[in-house]
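**Student:** For reference, the chains in residue letters:
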Amino acid sequence: MSAVLLSLPAILRCPPGACRKWSTIGVQAAAVIVPLLVVASPVLFVNHYVLGQLLVVPQGRNYLRPASPMIHRVPFSHRNGIFTYCPILLPALRQSLITLTPRRWMLAAMGMALLAQLYVNSIALEWWAATPSGSVA
Amino acid sequence: MCDHDLDFTNDYQRPRYPWEKTNADQYGSGVVVSKITGRPTNLFPGGVALLWSPFYMVTTLAATVIGSILGHGREFSPWGRLFQYSVMYSGVVFALGAMLLICRLLAKDHGHRAAVTTIVIILFGTNLLHYTVIEPSYGLRTS
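Quick mapping for you: the protein sequence lines, in order, are chains A and B. Heads up, the first sequence is in our numbering, so the first residue is 130 and it goes up one at a time. Heads up, the second sequence is in our numbering, so the first residue is 1151 and it goes up one at a time.
The set of hints was computed from the structure by calculation and includes no laboratory data. All values reported here derive from a predicted model rather than from experimental measurement. Incorrect hints may appear among the rest.
The following residues of chain B were derived to be distant from chain A, with all beta-carbon distances above 12 Å [claimed, not checked]:
1) ASP1175
2) PRO1190
3) GLY1197
4) VAL1208
Where chain B lies over chain A, by a calculated footprint (3+ residues, C-beta under 8 Å) [what the hints assert, rightly or not]:
5) 173-183
6) 209-222
Think of the CB as a built atom: it goes at the ideal place given N, C-alpha and C, for glycine as much as any other residue.
With the sequences and hints as input, model every part of the structure.
**Tutor:** Shown next as structure tokens:
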């Protein structure tokens, strides 16, 4: 996720007209995929060396429960809820939506990233992030 | 980085320092062995450790130089306080770097005053300050 975010400046610098060319789209895709692979490869290597699989949850097979998401609890729970513990994020989210509305693709990409992160957090067995005392995200 | 392997067997078995609240294997990962590799598991992915590694290397270099001069080899163990501090203080560097980048990004469109105000709100209105100062060893602030 961080690698994808780091590559955003390269994408945003692309002029609107040039972005329609396939070659430029390829450069943009590479600007996302290459940093992602570079950053993720050491973690994948450690996973394979220690646990025997590239993509694996170290906490065990039952740690993630895709069929039981606690979507509403992650942002609003009294226990480490994102907006409960950091209410300033509510107006920040509203302003982000207003700011990004003219850039629809950007809004869609960041919205999907946010929703994906929310879903992954919500399906963890310890969706309240266990012992950390702040908000979960 | 110190014993040049990723097998945590000996790391989990190391003796506990007097100033430590828990054992190195606090979560009992040492007894949970992977059926595929035969190695003890680790609950924590290596991403944060990668971000800590530059600070660790700088501390190793400093400890080697200072240790050779003063002869304080025992305190400069990789599990010692000096290395713990280097990892903890890395959080301050990451937090300051993130705030500086956000401030510069915001200042382009919204002006310097609004950018600085936003940074102050982020620092004191979210859990950033807590995880930078009170619990800096968590991975939240690096992310």
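**Student:** With reference to the structure, classify each hint as holding or not holding.
**Tutor:** Do the hints match the structure? See the list:
Consistency note on ASP1175(B): stated as away from chain A, and its beta-carbon is indeed over 12 Å from all of that chain's, at 14 Å minimum. Here PRO1190(B) does not stay apart from chain A, with its beta-carbon only about 8 Å from theirs, under the 12 Å limit. For GLY1197(B), the requirement that its beta carbon stay farther than 12 Å from each beta carbon of chain A is not met, with the minimum near 5 Å. Distance to chain A confirms VAL1208(B) as a non-interface residue, since its nearest Cβ pair spans about 19 Å, more than 12 Å.
Counting residues of the segment 173-183 of chain A whose C-beta sits closer than 8 Å to any C-beta of chain B gives 7, which meets the bar of three, so the coverage hint holds. With 4 residues having a beta carbon nearer than 8 Å to a beta carbon of chain B, the segment 209-222 of chain A meets the requirement of three or more and the stated coverage holds.
Hints 2 and 3, counting from the list given before, are not met by this structure.
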